[in-house]
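Chain residues, written in single-letter form:
There are 2 protein chains.
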Amino acid sequence: MKLVLLILGLGLASACFAQDSLIFRKISNEIMLHGTCYDNLRVLTKTVGNRISGSPAAAKAVVWGEKTMKETGADKVYLQPANVPYWYRGKEHLWLKMGRKYHEVEALSLGNSQGTNGKILKAEVIMVHNYDEFKALPESEVKGKIVFFNYRFRQDLILTFEGYGDAVKYRGGSPSVAAEKGAVGVIIRSMSTAVDDFPHTGGMYYKDSTKKIPEMSLGNITADALEKACEKGGVMAKMKSQCHMMPALVPSYNVIGEIKGTETPEKIITIGGHLDSWDVGEGAMDDGAGCVQSMEVLRVFKALGIRPKCTIRAVLFMNEENGQKGGQAYADSAFSKHEKHIIAIETDAGGFSPRGIGMNVNAKQREKIQRYKDLFLPYGVYDFSHEEGGSDIEPIHKKLDIPLAGLMPDCQRYFDYHHTNNDILENVNHRELKLGAVVLAQFIYLVSEQGLD
Amino acid sequence: MKLVLLILGLGLASACFAQDSLIFRKISNEIMLHGTCYDNLRVLTKTVGNRISGSPAAAKAVVWGEKTMKETGADKVYLQPANVPYWYRGKEHLWLKMGRKYHEVEALSLGNSQGTNGKILKAEVIMVHNYDEFKALPESEVKGKIVFFNYRFRQDLILTFEGYGDAVKYRGGSPSVAAEKGAVGVIIRSMSTAVDDFPHTGGMYYKDSTKKIPEMSLGNITADALEKACEKGGVMAKMKSQCHMMPALVPSYNVIGEIKGTETPEKIITIGGHLDSWDVGEGAMDDGAGCVQSMEVLRVFKALGIRPKCTIRAVLFMNEENGQKGGQAYADSAFSKHEKHIIAIETDAGGFSPRGIGMNVNAKQREKIQRYKDLFLPYGVYDFSHEEGGSDIEPIHKKLDIPLAGLMPDCQRYFDYHHTNNDILENVNHRELKLGAVVLAQFIYLVSEQGLD
Chain A
1 MKLVLLILGL GLASACFAQD SLIFRKISNE IMLHGTCYDN LRVLTKTVGN RISGSPAAAK
61 AVVWGEKTMK ETGADKVYLQ PANVPYWYRG KEHLWLKMGR KYHEVEALSL GNSQGTNGKI
121 LKAEVIMVHN YDEFKALPES EVKGKIVFFN YRFRQDLILT FEGYGDAVKY RGGSPSVAAE
181 KGAVGVIIRS MSTAVDDFPH TGGMYYKDST KKIPEMSLGN ITADALEKAC EKGGVMAKMK
241 SQCHMMPALV PSYNVIGEIK GTETPEKIIT IGGHLDSWDV GEGAMDDGAG CVQSMEVLRV
301 FKALGIRPKC TIRAVLFMNE ENGQKGGQAY ADSAFSKHEK HIIAIETDAG GFSPRGIGMN
361 VNAKQREKIQ RYKDLFLPYG VYDFSHEEGG SDIEPIHKKL DIPLAGLMPD CQRYFDYHHT
421 NNDILENVNH RELKLGAVVL AQFIYLVSEQ GLD
Chain B
454 MKLVLLILGL GLASACFAQD SLIFRKISNE IMLHGTCYDN LRVLTKTVGN RISGSPAAAK
514 AVVWGEKTMK ETGADKVYLQ PANVPYWYRG KEHLWLKMGR KYHEVEALSL GNSQGTNGKI
574 LKAEVIMVHN YDEFKALPES EVKGKIVFFN YRFRQDLILT FEGYGDAVKY RGGSPSVAAE
634 KGAVGVIIRS MSTAVDDFPH TGGMYYKDST KKIPEMSLGN ITADALEKAC EKGGVMAKMK
694 SQCHMMPALV PSYNVIGEIK GTETPEKIIT IGGHLDSWDV GEGAMDDGAG CVQSMEVLRV
754 FKALGIRPKC TIRAVLFMNE ENGQKGGQAY ADSAFSKHEK HIIAIETDAG GFSPRGIGMN
814 VNAKQREKIQ RYKDLFLPYG VYDFSHEEGG SDIEPIHKKL DIPLAGLMPD CQRYFDYHHT
874 NNDILENVNH RELKLGAVVL AQFIYLVSEQ GLD
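Chains as they are written, first to last, in this note's numbering: chain A, 1 to 453; chain B, 454 to 906.
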């Protein structure tokens with residue numbers, strides 16, 4: 001009897017598998033042939049462009065998001081308020097004297113940083129390669145200087161997000177570290193894997209206890225030149241910038257679209273990317289890609305007439321880059337409404353060919369998903385072993401302790417473009433972008449129909 | 454006793470595994486931090502550029518190849534003669550009248566094709582979507598016309614090489630098919646996954662029995678416009694081109710470098726790409742990437758002091774694109790010298806992130822390689838299931854029946870650039886290119902030390 005049940009069970013399982021495999025193929029065909037995510041990304045990048053939180057461009061992006069979300073055929077589309085900070089860049093210049101004369105170089109002030117109030121800050125440049133070297137310097141050698149933190153992105157790490165995690169502390173924290181010893185400014189080598197000269201911006205944060213000194217980043221080629229010059233000594237810099245944090249928060253929104261579940265509509269699966277970007281380039285990869293992929297999931301379900309058991313919610317989060325106010329507002333709302341989230345998924349690692357889905361789930365849940373691993377192989381997805389979530393869904397995880405997941409695309413190119421003027425549509429490939437949306441829709445279909453537990 | 458042996462065996466196996474894993478890491482670190490393949494590709498693409506077989510540029514590429522091969526530290530570097538065809542493009546124009554006036558459009562004559570001898574060929578354009586539609590047309594509707602074969606690259610196929618295999622017959626064979634019904638010329642939609650207007654060239658071949666009519670390709674955007682115009686009817690075209698095959702073969706060479714094996718130097722592992730390219734763009738991805746990766750394998754062995762048991766031979770094959778004369782010369786030489794090749798490996802699928810190594814081996818050999826699968830996972834390589842070889846190593850396979858393998862990089866972008874003016878260095882990512890070389894060196898190390906049988 002047990003054997004019969006087992007055989008019956010196996011038969012059912014393989015029938016389900018075949019059925020799922022068929023739906024997976026339909027999802028893929030629909031998106032690869034008729035997907036709108038790439039065209040949507042073109043509109044976002046070319047008509048809105050970059051869109052830092054609180055800016056007029058971000059407000060325009062919300063309008064675009066709401067309109068585009070409606071075009072997916074979502075059952076319900078709405079805006080969720082979140083007040084966000086607004087960091088303003090303004091004009092900026094960096095001149096380096098690495099020989100006899102000053103030359104202006106490409107540089108970007110780091111996000112959230114305080115500039116020079118439009119005045120010229122002139123000082124000698126001293127170079128350190130890491131915090132240990134900096135700690136070993138006596139205060140007398142730092143006082144009144146601009147410190148060049150010349151830490152290289154570790155190219156030997158195959159997963160570039162590990163290299164980023166390793167290097168990013170020099171972007172976020174070095175001004176406060178340097179100010180403690182009396183430095184007047186900081187220059188950093190960008191968190192960049194590229195062999196070009198694009199400087200990378202990104203978030204930095206001051207300690208309350210230290211002076212807010214300016215921070216600028218260099219692309220790798222200029223950083224190499226500065227490194228050589230600093231080895232000889234006598235390098236001077238002139239910084240001039242207007243950047244500052246605006247005094248008041250600005251009203252803004254998450255854009256949300258939903259397909260109502262047929263069997264358990266109270267159970268929600270959230271998939272999202274972030275709508276804001278840094279104020280350079282077009283925010284194509286970071287994270288226009290994630291926004292259009294999240295909306296593509298809704299569109300493909302509607303186009304194929306798939307009526308999921310659970311409610312599927314696509315969220316374009318506001319203010320991921322410098323405050324996570326959108327993610328916080330989402331978590332607060334879910335908490336106050338006693339919403340039940342099965343899982344929240346983020347796509348914020350670029351529109352590259354998918355390779356895996358990382359998960360912050362328990363062992364049993366991971367095992368369950370891994371049982372379906374072979375279904376994903378024809379789409380190039382093989383890796384379900386990593387821990388992964390995302391900045392926008394971290395607040396709801398903290399508040400409601402729900403499972404998280406994150407799309408893991410190929411990561412080799414991400415930190416070539418991340419937070420630069422080179423993060424433009426032309427560096428996103430339409431097939432890679434669509435394939436990421438395919439895998440997200442497949443994963444969400446699977447979780448909706450089979451559950452996680 | 455058996456159990457003890459088994460445990461001992463497992464212990465040894467896992468010790469070997471740990472040892473291999475360490476060497477894999479060393480290979481990766483060396484190439485990711487100090488690899489020269491990207492810099493070498495820069496020199497090839499920017500100082501030689503495209504290099505069709507038989508051309509002065511191809512001769513220059515041979516000089517570059519020999520010099521660069523020597524810089525790897527190879528024990529022996531030599532040239533292997535091969536006489537190759539030389540197809541000459543010259544000037545070319547295509548004007549389409551899709552409304553009231555003729556407009557010149559971007560177009561490329563297909564490789565090996567005969568042009569219009571510099572005269573204007575003017576005719577009405579008729580469109581078919583595939584060979585079945587063409588077969589159904591009466592001769593009277595074809596005679597004197599230019600046939601537009603408007604077959605779309607199947608974007609629903611996730612492995613783009615499958616889409617290419619499906620579509621490429623319209624590039625290779627349509628002029629002879631069309632000429633049989635009296636057509637005077639052929640226009641094709643390029644074998645292109647791209648959302649741009651770059652036309653793709655590539656090899657075509659005439660049947661001996663039919664007239665040699667000219668063939669030109671269009672990028673997807675112009676092909677879309679022509680499709681719309683043809684649906685309305687009354688489209689005219691004027692072709693003018695000088696392309697032709699030169700009457701005589703031209704002396705040329707494969708470039709070969711070797712590291713002599715320490716234990717079984719008579720056993721050879723060949724790794725190669727092709728040095729020739731089509732006469733557009735820079736031949737960066739097809740197949741400058743494969744050439745510099747093959748040389749990187751020799752360099753990393755030398756740099757790390759790895760002394761392989763077997764002889765490792767890197768080959769830059771000449772004339773892959775339109776004749777395989779280099780591959781043939783290599784096979785003939787190996788045959789006449791009674792060489793023993795363990796395996797021949799080709800890298801000619803672009804310098805993108807590696808995902809697998811396809812193999813044309815027997816079941817037992819595949820099983821042996823798959824036992825080492827986990828060693829490759831940290832480098833993003835998980836797929837050893839496909840049958841794969843390469844055009845340059847096909848002749849030696851036919852002649853000596855040896856195992857073959859081919860690097861399988863991510864294939865989503867390949868047919869955006871393949872055979873176009875957009876196949877330039879800027880579309881090859883340095884980390885992806887290096888990672889491909891890492892995996893090739895690891896695979897070759899494994900086969901050299903563990904054998905295939």
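Hints were generated in silico from the structure; no laboratory data involved. Some hints could be false.
Below, in silico cross-link-like pairs of lysine to aspartate or glutamate (EDC-like), each with a Cα-Cα straight-line distance of 16 Å or less [as the list claims (entries may be wrong)]: (1) A:K373 - B:E711; (2) A:K309 - A:E266; (3) A:K26 - B:D609; (4) B:K826 - A:E71; (5) B:K762 - B:E711; (6) B:K479 - A:D156; (7) B:K693 - B:E559; (8) A:K364 - A:D453; (9) B:K691 - B:D836; (10) A:K364 - A:E394; (11) A:K302 - A:E71; (12) A:K240 - A:D453.
Fair warning: this is a prediction, and the values are worked out from it, not measured in the lab.
Comparing the hints with the structure gives:
no. : hint            : verdict
1   : A:K373 - B:E711 : violated (42 Å)
2   : A:K309 - A:E266 : holds (10 Å)
3   : A:K26 - B:D609  : holds (10 Å)
4   : B:K826 - A:E71  : violated (44 Å)
5   : B:K762 - B:E711 : holds (13 Å)
6   : B:K479 - A:D156 : holds (10 Å)
7   : B:K693 - B:E559 : holds (13 Å)
8   : A:K364 - A:D453 : holds (7 Å)
9   : B:K691 - B:D836 : violated (48 Å)
10  : A:K364 - A:E394 : violated (21 Å)
11  : A:K302 - A:E71  : holds (11 Å)
12  : A:K240 - A:D453 : violated (56 Å)
This entry does not satisfy hints 1, 4, 9, 10 and 12, going by the numbered hints stated previously.
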